[in-house]
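A.B. asks: Each chain, letter by letter, is given below.
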Amino acid sequence: MQQVIRICKKELKDYFISPIAYIVISIFLLVTGWFFFTTFFYYNQADLRNFLGLLPITFSFLIPAVTMRLFSEEMNVGSYELLLTLPVTFKDILLGKFLAGVLFVAAALVPTLAYPICIAFMGQLDWGPVAGGYLGALLLGAAFVAVGLFSSSLTRNQIIAFIVGMAICFSLTLIDKMLFFFPSSLLGVIGYLGADFHFQNIAKGIVDSRDILYFLSIVFIGLYGTHLVMQEKS
Amino acid sequence: MIHVENLTKYYNDFCAVDGISVDIHKGEVLGLLGPNGAGKTTTLRMLTGYFMPTSGTIRVKDYLLDENLLEIKKLMGYLPESAPLYHNMLVYDYLDYVAGIRGMDKNQRISRIRQLVDLCGLDEIMHRSIHELSKGLNQRVGLAHAMMTDPEILILDEPTSGLDPNQIVEIRNIIRKIGKEKTVILSTHILSEVEATCDRVVIINKGKIVADDIMENLKQSVGQKYFIHLDLLNADFQDVHDQLSRIEGVKAIEKTQDAQNDDLSIRLECESTVDLRETIYQTIKQTSWILIEFHQETKTLETVFRELTKED
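Listed in order, the protein sequences are those of chains A and B.
Once you know that position 77 of the first sequence is 77 in the numbering used here, the rest is easy, because the numbers rise by one and skip nothing.
Once you know that position 9 of the second sequence is 9 in the numbering used here, the rest is easy, because the numbers rise by one and skip nothing.
If you are wondering where the hints come from, they were derived from the structure by calculation, not from laboratory data.
All the pointers check out, no bait thrown in.
Over 12 Å on every C-beta distance to chain B, these chain A residues come out as not near it, computed from the model: (1) Leu29; (2) Ala120; (3) Met122; (4) Leu138; (5) Val219.
The calculated label-pair distances, taken between Cβ atoms and stated as ranges, are: (6) Asp66(B) - Thr39(A): 58 to 66 Å; (7) Met52(B) - Ser217(A): 27 to 35 Å; (8) Lys106(B) - Ile190(A): 52 to 60 Å; (9) Lys61(B) - Ile23(A): 43 to 51 Å; (10) Gly37(B) - Pro19(A): 35 to 43 Å; (11) Met1(A) - His189(B): 37 to 45 Å; (12) Ser217(A) - Val210(B): 50 to 58 Å; (13) Pro183(A) - Asp13(B): 39 to 47 Å.
For every residue, glycine included, the Cβ atom is placed at its ideal position computed from N, Cα and C.
With the hints as constraints, model all of the structure from the sequences given.
C.D. replies: As structure tokens, this is what we get:
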């Protein structure tokens, strides 16, 4: 466990001593802030629905950009060899990197807490959906980080890792909007696969174990896939 | 200390390492020698647990590699070829990170890093970013990384590649110093390096061990002949050829190409059973030739290496 924390710390430090963290977080805040506040006063409702509604799409872009380097860069530079021959197991490395990604997402979400606080001054804000929204955002973030890690393990090229990760995250987000392409017998299953569907459930303030289980399954599948890919490489 | 049995590694259809068995004892400096693509790096990577062997067993002390990998990793310090360190970290941060992962507490870390700074000559660069370092400095940081916990086994993959001659001498001195107490395995294709640092040499070619012996034995083992070089003034090749070929034990005489000016350079091939130097000198003394150079070509590792790994 200590090794996991050490690796996680190192990865987080890497993010925050380089410009990546600041660029990604600024873009995230700009995009979400713009889309949220341009329509906020028009709707005249004290909730975060616009902000949360857009989150899966922004995350599909941003998270693969954050996670693309985690394995690709190490394999490209060769430092992965050094890391793996230190007294750590692959599980330590994987969990450390995953945790660093999740904490990064959390760090990007912290400044957005300003929105509900502002809104609470302006009107009657229901804190239930807000809490649900942030819990959902973290779960969604964790799922996408796992997907991003997996795509990063596939290639030494960070750009390819980014594009593959983004493609998977986008498909997960949009699949339940594309149901008319599928035969009606499959609708239930495929609708259930959509990340957006589960996220919006939680964001309404309804914390259902099915939705939580969905995100945890994506995390597990992503991490296990990464494990298999890296195992294959040695 | 390390017991390797029947180690084999396939990359898809390509066999990189083919049934290597070797025993490495405590306190030995072992040189792993071979031409490019012979399987040196692959062998070392399997020893460190980075690659899983296709078949075969590796036992370090009492630990089996596939069962107690973590324990084995704790005993080993490894420097991969060209020391691929994290580019964006400072040297100090990097060493501190490695010390942390190796389980050293704060006080231990500081004193150990200080020792390594002295040993590897890092005091000027501790607060520089790793990507700014030259190849040689990078290599030294890599060496410090490998020696962090003063490991019992040190594995170095081409430790002196890309260094300048002064640094090479320094690194070799460090290796020899460590080699007195620790087990060191180093791979290289530079023969003088092995001669300068190793007690024992394993030569591999195309994934197989072709020689495994201590240095002296290896030099004697190959070939039945030795060469004597002569540089003569005031001599005619035909004449020299006639006179010297009469000596018993001389198998062949040839003119070497690098002759300068008027002198005549020749090479005598002699049977290794007798020492002909005295007879040759006596023969030359009776003529009017002027002898300006006379030396015996000692059998270097290079000749051994070439004979063992040549294509045929």
